[in-house]
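Protein chains in written order, with my numbering: chain A, 1 to 113; chain B, 1 to 115.
These aren't lab readings, by the way, just hints derived from the structure by calculation. Treat the hints loosely; a few may be bogus.
[To be verified] Straight-line distance between alpha carbons at most 30 Å, and here's what the computed BS3-like set of lysine-lysine pairs gives:
id, chain 1, residue 1, chain 2, residue 2
1, A, Lys57, B, Lys9
2, A, Lys58, A, Lys68
3, A, Lys42, A, Lys57
4, A, Lys68, A, Lys5
5, A, Lys42, B, Lys14
6, A, Lys5, A, Lys58
[Said to hold, decoys possible] Counterexamples of contact, computed for chain A against chain B with all Cβ distances above 10 Å:
id, residue
7, Gln9
8, Lys15
9, Asn22
10, Leu46
11, Arg51
12, Gly104
[As the list claims (entries may be wrong)] Heads up, incomplete: computed chain B residues facing chain A, CB under 10 Å, no partners named:
id, residue
13, Pro8
14, Gly101
15, Val114
The C-beta atom is built at its ideal place from N, Cα and C for all residues, glycine as well.
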Amino acid sequence: QQQVKQSPQSLIVQKGGISIINCAYENTAFDYFPWYQQFPGKGPALLIAIRPDVSEKKEGRFTISFNKSAKQFSLHIMDSQPGDSATYFCAANWEDSSYKLIFGSGTRLLVRP
Amino acid sequence: NAGVTQTPKFQVLKTGQSMTLQCAQDMNHEYMSWYRQDPGMGLRLIHYSVGAGITDQGEVPNGYNVSRSTTEDFPLRLLSAAPSQTSVYFCASSPLIGRSGNTQYFGPGTRLTVL
């Protein structure tokens with residue numbers, strides 16, 4: 001079973017703090033690792049993604065750190081804002097099945113004012 | 001562009017009833033899929049399609065049927081609803097670009113309760 005394990009299940013951060021969500025995978029054939037953000041009552045939407053040939057990707061306040069040898073990747077949200085409160089899913093797919101995504105179990109983030 | 005649309009937004013069924021969840025996209029995407037979202041379990045793939053007339057099973061296909069007669073539409077049928085099918089259902093679409101990295105575009109979801 002292809003799996004992506006995500007932690008923590010929920011996270012509470014004060015405004016201005018750093019939110020960190022971690023994911024681990026087993027299948028070394030995975031070659032694309034996106035993060036999706038989901039607001040209540042909405043569908044998930046792509047937030048940021050990385051390939052294993054780089055160790056870090058930054059877009060604004062959002063950064064993915066990737067550790068290929070440990071088969072782990074994480075999402076860092078700098079200067080967290082109440083508007084970042086949402087559920088975050090890590091995911092992975094691999095070239096032989098370019099369209100199928102394997103999702104982690106999700107992290108519910110609450111940023112307190 | 002409306003993107004990916006789903007109807008209905010909410011539905012309550014009794015055990016044994018059947019129904020169809022509708023999904024449509026106007027982005028001319030080849031790939032369409034159905035996921036269910038349950039607490040603590042993330043998004044699990046039910047069925048997917050890589051083009052009109054082509055469908056395949058995902059991780060949790062039992063109790064669901066799909067068909068794809070057009071590029072735009074990908075309905076999900078519950079043949080005989082069971083309480084275990086209570087969930088939020090998402091339809092998604094993406095272009096096929098020949099390698100990993102396709103962005104999937106999700107609809108707003110259908111919240112289904114089976115009594």
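query: Is the straight-line distance between the alpha-carbon of lysine 57/A and that of lysine 9/B 30 Å or less?
result: violated (36 Å)
- prompt: Hey, lysine 68/A versus lysine 5/A, does the alpha-carbon distance stay inside 30 Å?
  reply: Judged against 30 Å, a Cα distance of about 15 Å means the pair holds.
- prompt: Should the hint that valine 114/B touches chain A count as held when the rule is a Cβ pair under 10 Å?
  reply: Cβ of valine 114/B sits 20 Å from chain A, so the hint is violated.
message: Tell me if the straight-line CA distance from lysine 42/A to lysine 14/B falls inside 30 Å.
response: holds (25 Å)
query: Was asparagine 22/A rightly flagged as not at the interface, with every chain B Cβ beyond 10 Å?
result: holds (14 Å)
- request: Below or equal to 30 Å on CA atoms is what counts here, so check lysine 5/A against lysine 58/A.
  value: holds (22 Å)
field: Check on glutamine 9/A being off the interface with chain B, judged by Cβ distance over 10 Å
entry: Given that some Cβ of chain B is not farther than 10 Å from that of glutamine 9/A, nearest at about 7 Å, it is violated.
query: Are all C-beta atoms of chain B more than 10 Å from that of leucine 46/A?
result: About 5 Å separates leucine 46/A from the closest Cβ of chain B, which leaves it inside 10 Å; violated.
- request: Classify the hint on proline 8/B as holds or violated, based on whether any CB of chain A lies nearer than 10 Å to its CB.
  value: violated (14 Å)
- prompt: Regarding the assertion that arginine 51/A does not contact chain B, is the least Cβ-Cβ distance greater than 10 Å?
  reply: violated (7 Å)
- prompt: Once the closest CB in chain B is found, is it more than 10 Å from glycine 104/A?
  reply: violated (6 Å)
- prompt: Holds or violated: lysine 42/A with lysine 57/A, Cα cutoff 30 Å?
  reply: OK: lysine 42/A and lysine 57/A at ~26 Å, within 30 Å.
Hints 1, 7, 10, 11, 12, 13 and 15, counting from the list given before, are not met by this structure.
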